[in-house]
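*Asks:* Protein sequence lines, in the order shown, are assigned to chains G and C. First residue of the first sequence: 1, per UniProt numbering; consecutive thereafter. First residue of the second sequence: 1, per UniProt numbering; consecutive thereafter.
Bear in mind the hints are in silico, worked out from the structure with no lab data behind them. Ideal Cβ positions, reconstructed from N, Cα and C, are used throughout, including at glycine. Hints are not guaranteed to be accurate.
[Stated by the list, open to error] What follows is a set of in silico ranges between Cβ atoms, one per label pair, in the way DEER data are often shown:
no.: 1; chain 1: G; residue 1: Met-177; chain 2: C; residue 2: Leu-155; range: 34 to 44 Å
no.: 2; chain 1: C; residue 1: Leu-155; chain 2: G; residue 2: Arg-219; range: 41 to 51 Å
no.: 3; chain 1: C; residue 1: Leu-19; chain 2: G; residue 2: Asp-199; range: 53 to 63 Å
no.: 4; chain 1: G; residue 1: Pro-23; chain 2: C; residue 2: Arg-158; range: 55 to 65 Å
no.: 5; chain 1: C; residue 1: Trp-154; chain 2: G; residue 2: Leu-9; range: 49 to 59 Å
no.: 6; chain 1: G; residue 1: Ser-48; chain 2: C; residue 2: Ala-336; range: 55 to 65 Å
no.: 7; chain 1: C; residue 1: Leu-111; chain 2: G; residue 2: Asp-108; range: 24 to 34 Å
no.: 8; chain 1: C; residue 1: Trp-154; chain 2: G; residue 2: Asp-199; range: 25 to 35 Å
no.: 9; chain 1: G; residue 1: Leu-147; chain 2: C; residue 2: Ser-43; range: 46 to 56 Å
no.: 10; chain 1: G; residue 1: Asp-108; chain 2: C; residue 2: Asp-120; range: 49 to 59 Å
no.: 11; chain 1: G; residue 1: Ser-93; chain 2: C; residue 2: Leu-321; range: 51 to 61 Å
no.: 12; chain 1: C; residue 1: Arg-158; chain 2: G; residue 2: Gln-255; range: 55 to 65 Å
no.: 13; chain 1: G; residue 1: Leu-147; chain 2: C; residue 2: Leu-321; range: 29 to 39 Å
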Amino acid sequence: MSALALNGLESTREFFRRDQVWPFLAPEQAQVNVGNQMILYVEDLNLSFDGFKALNNLNLYINDGELRCLIGANGAGKTTLMDVITGKTQCDSGTVYFGQNHNLLNKDEAEIAQLGIGRKFQKPTVFEEQTVFDNLELSLKTDKRVLPTLFSRLTPTQIDRIDDVLKTIGLAKHRFMLAGALSHGQKQWLEIGMLLAADPRLLLIDEPVAGMTAQETERTAELLTSLAGERTVIVVEHDMEFVRSIARTVTVLHQGSVLAEGTMDQIQSNKDVIEVYLGEEAAGEEIA
Amino acid sequence: MTRLMKYFSEGRTSGKHTLPFVVILLGVTILASAANLFLPADSALYVSTYTITLLGKYLCYAMLALAVDIIWGYCGILSLGHGAFFALGGYAMGMYLMRQIGDRGVYGNPLLPDFMVFLDWKELPWFWLGMDQFWFAMLMAVLVPGVLAFVFGWLAFRSRVTGVYLSIMTQALTYALLLAFFRNEMGFGGNNGLTDFKEILGFNLQADSTRVALFLITAILLAVIFVVSQKILSSRLGKVVLAIRDSESRSRFIGYRTDRYKVWLFVYSAVIAGIAGALYVPQVGIINPGEFSPINSIEMVIWVAVGGRGTLIGAVIGALLVNYAKTRFTAIMPDAWLFALGAMFVLVTLYLPKGLMGLYGQLKAKRNTVMNKEPQA
């Protein structure tokens with residue numbers, strides 16, 4: 001028998017495997033299956049832009065309810081990783097699963113957001129021409145198809161939810177202010193508030209304290225730590241002071257793959273990390 | 001408490017112009033109609049039928065401006081091809097009116113319009129079938145622009161074509177249709193288009209009463225579309241549309257399928273343009289491929305820019321003012337009109353980015369601050 005026929009037989013067998021159903025026949029499961037205590041599985045992720053390997057065999061597992069910090073030099077792949085998880089960028093190969101049952105790679109941004117993955121960008125992006133209240137209303141967890149949106153009314157529960165979020169992010173006084181008129185720090189907070197209003201399972205937060213005052217940074221740290229447990233939070237941040245204040249587990253990315261993982265202390269004493277990321281300065285500190 | 005505040009804030013921002021607008025529009029329409037029908041022609045207050053038709057034409061343009069504003073002002077999609085939807089609506093109405101001529105045409109053929117007889121065609125092309133039924137023609141007037149907008153929008157927005165590329169594509173769309181409709185083989189009267197209409201639903205198109213009725217219907221439909229659009233845009237869908245305009249990727253990341261919103265808004269807008277076209281044709285008495293010309297579509301954008309995009313009332317005011325100016329100007333210096341139009345666009349873009357409504361808002365804000373300061377002084 002020729003190799004080709006054999007190959008065909010193999011793939012036919014694979015197609016008709018009896019221990020699994022075809023994806024289009026499987027029931028749509030809205031619930032995220034977090035058996036094994038894991039909420040996010042990223043395996044063997046590869047992505048290159050014109051030969052530059054932005055992600056290189058990246059493996060990352062996030063526990064349900066964890067607060068994880070991602071650190072790494074510029075170009076280490078932190079933001080690219082978030083882009084792949086949220087569906088903004090297509091990866092070359094690898095798998096990304098949300099819980100055990102949601103393959104994120106074949107979903108678009110909107111679908112991923114509806115599953116309960118919220119994302120905050122590096123540069124705060126809010127709807128500047130609309131009020132703070134409207135910004136939060138838009139982010140509520142609701143039916144986001146066209147017709148239901150046209151006929152939707154704010155329910156008292158939703159208004160309470162928005163009020164809660166407004167209190168949490170400290171913008172209760174500014175609810176009817178245009179979002180464009182807020183200060184930079186307040187916009188960052190509003191954006192975090194928009195994530196909260198959506199009631200997400202997993203939050204991806206890119207540089208939350210960039211451009212914040214020391215006081216605002218402190219409050220952000222408090223907020224993020226209070227979120228963990230109930231929700232899972234992944235924070236990308238350059239500010240090491242901030243990372244130290246919130247982090248339980250830190251993952252260091254370097255050239256598109258994971259270099260080290262552990263508590264802040266473990267990371268700081270890890271030789272590889274000192275070499276490539278914390279650099280001479282930190283090595284000096286360690287000795288001193 | 002919160003809901004109460006919310007209610008007032010909503011009332012303040014969106015719906016405040018709706019009631020005055022509808023009252024003024026319908027009031028003026030009824031007064032002008034009455035002055036035409038019931039006053040003697042030598043009375044000082046008599047409104048000529050020419051004026052009535054002119055006003056009706058302006059209202060069709062206002063409706064068209066509304067359509068452009070809904071997608072450009074609110075959703076940030078700059079369509080330079082809305083003339084295509086307007087003209088398609090117009091052609092649907094024109095085909096109905098052509099079939100109503102019957103055997104009163106020059107060649108007296110009971111079935112075929114004159115231009116088909118002239119081209120020596122023996123039978124009616126398939127797409128002319130059913131167009132002798134008013135309801136069917138009107139269905140086509142909204143369906144054809146709607147379906148075209150759906151197909152175009154679905155392809156463009158799903159592939160995430162935005163900005164200037166999309167504008168160029170819409171321009172190409174209307175230009176392609178212009179070229180197609182110019183051809184005699186298309187079966188739409190070629191260069192001359194459709195004209196020499198006799199009657200609509202059995203009423204003589206030249207009669208004053210028919211003219212007034214058409215004018216009234218246009219005004220009522222404009223009011224209805226205005227109110228419905230205002231409702232749609234002040235619902236949560238309207239907020240999503242604004243959100244897409246200001247940050248499309250953010251809207252995607254909070255879970256909205258922005259392409260679908262854009263497609264449906266585009267279809268809605270195209271349907272309004274089609275209705276405007278269908279009302280326009282019986283009033284001006286002709287539809288020809290010139291309506292597809294890209295310049296027309298650009299003019300519509302200028303109406304909206306002058307009036308103030310992002311406000312429905314601004315679009316209407318802009319369309320009325322610019323067209324009034326056009327009527328006056330082309331009577332005095334026909335050749336200079338395009339220069340005047342261009343100059344107007346440049347000036348508005350430079351000095352009044354929010355158009356006349358923006359100017360009005362600024363003046364009002366200034367007056368308010370002055371008034372607030374006075375008691376303290």
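*Asks:* Which numbered hints turn out to be false for this structure?
*Replies:* Failing hints, ascending: 3, 4, 5, 7 and 12.
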